[in-house]
Amino acid sequence: MLYAAVAARSFRRFSTYRTATLAGIFTNSVFGVIYSYAYLALWHQRPDAGGYDATDAVTYVWIGQALLMTVALWGGGTTDDLAERIRTGDVAIDLYRPVGLIGWYLAGDLGRAAYHVLTRGVVPTVLGLLLFQIALPADAAAALGFVVSLVLAVVTSFAIRFLVACSAFWLLDQTGVRMLSGVLAIFMSGMTLPLVIFPEPLRSIALALPWASYLQTPADIWLGQRTGFGILTGLAVQALWIGVLLALCQVVLDAATRKVVVQGG
Amino acid sequence: MAETSTRLAGVRQAPREYVWIARMWVRSSLAYPTSFWILTVSSALITLLDFVGLALMFHTVPALGGFSLQEIALLYGASGIGIGVADLVIGSVEQIGAYVRTGGLDSMLTRPVPLLVQVCADRFAIRRLGRISQAVVVFVYGAWWVDWTPAKVGLAVLMLVSACLIFFSLFVTFSCIQFWTLDSTEFANAFTYGGNTMTQYPMTIFPREVLKGLTFLLPIAFVNWYPCLYLLDRPDPFGMPSWFAVLSPLVAVLTVAVAGLAWRTGVRHYTSTGS
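Going down the list, the sequences are from chains U and H. Going by the working numbering, the first sequence opens with residue 1, and the numbers climb by one from there. Going by the working numbering, the second sequence opens with residue 1001, and the numbers climb by one from there.
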């Protein structure tokens, strides 16, 4: 109940930046158009690259633009607040609260993601439909699978961003690690190029890492590249990584609270 | 008369003032050394992985839009150097909305240094050199395959200078929108980084209308496309006149004029938030 309240307030907090949202949607759409043409040029020559056809490839582009902010690929979200509070020392107050630190910030981040998917997710998808006739999920299983996979994607990304924010306990400033992590996420999630057309062995490695959760897995469910049992295994791998990463968050947090003197106090 | 000469003196001093402020920010960024070095490496890595993405595309196909990887490297490098230098020198202008919102612009207006110099030099990030050096490497790789003549060398130099100026103007012009709508930083990104991404690809992958728009409306095609066609001895695939190759400097001057106008209008429109 408490977590729902945190999420709801986070949703409202992010919804106050209306012009920023509009500007972001515009930018996502411009990049969507650019990448669509780039991919079309590629799939025009190799109509079956990575097991995708041209429509799949363009659909993948627009799913990517829709998820860019929702999954917070570049970083950002409530973990930025945490890092700032570690830097200023205010995190001491968070640690006093009778609520788990991870759960508190995760709830807030899910609220943020909900807002971003409704605005910066839905609008580019509709634009993609109008401009490039992208494919929609073929059946209810694909649609449902996509939604579940998207939630898991946000939680995976949150766990990694939480770890990045925790680096501030030792470095005081997270910006360097945050940027590096964002760079890795953009490439390893398949945002630069779908992981399925990476050459082996890079392809298999990338598909096994947690970043594949961000975009490749949800997109493959949407596109019907994963069906039936394939959807379930995809979701299971995502859930597995979440388990590992959240456990790691707890370990790091414990180490930080034990060893680090909080700034200012 | 006296007013003109003081203004001229002000313009002459601007670069030195810029360097002072920039040096201060370099010192301050070194206060968190770990962060600084990670940032420098990541800044090079962003564009490097971007290019790796392009190269991986060529693992699947031999040419993109009829252009080879070497030819695309030339386009990519020229555009990357252009936006890299512009971003290093004046990239901070993106944050203008934040200064308006926090009232920081008020204190800047009272200081005896031109406002644009202060805004651009603020948070000067030397780490952006990481990105430029990566673009230079890609450009050199692309240039390796060009049949160089003195005319081509001259045009290449003009192209790089013009590319910097055009991106400079895009940064300033579209950041000025923030004088009216405060939190629209990302809107400018569509033109600056979007323009950069577009010019990484040969224009042949886009429909004719897009090329026309990028030639006559938002002249991003002059950043690298037209000069590179000459460097690569290629006839214009869209049938545009071949003398477009030498137009880049003129286009650069025009965009700088537009940027100057946008900046003046923006600053005149500015009213303090009063905080």
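Among the clues, some could well be false.
Claimed, not checked - Between beta-carbon pairs, the in silico distance windows are:
no.	chain 1	residue 1	chain 2	residue 2	range
1	U	Leu129	H	Ala1055	27 to 37 Å
2	H	Thr1181	U	Tyr3	31 to 41 Å
3	U	Asp94	H	Ile1126	30 to 40 Å
As the list claims (entries may be wrong) - To list a few chain U residues with every Cβ distance to chain H over 10 Å, as calculated:
no.	residue
4	Ala49
5	Ala138
6	Met179
7	Gly224
Rather than coming from a laboratory, the hints here were simulated on the basis of the structure. Even glycine gets a Cβ: it sits at the ideal position worked out from N, Cα and C.
Structure-based check of each hint:
1. Leu129/U - Ala1055/H: 27 to 37 Å: 31 Å Cβ-Cβ, so the 27 to 37 Å window holds.
2. Thr1181/H - Tyr3/U: 31 to 41 Å: Since the Cβ atoms of Thr1181/H and Tyr3/U sit about 34 Å apart, the hinted range of 31 to 41 Å holds.
3. Asp94/U - Ile1126/H: 30 to 40 Å: 34 Å, holds
4. Ala49: Contrary to the label, Ala49/U does not stay out of reach of chain H, its closest Cβ about 5 Å off (not over 10 Å).
5. Ala138: Fine: 25 Å to the nearest Cβ keeps Ala138/U off the interface.
6. Met179: 4 Å, violated
7. Gly224: The claim stands: Gly224/U keeps its Cβ more than 10 Å from every Cβ of chain H (closest is about 21 Å).
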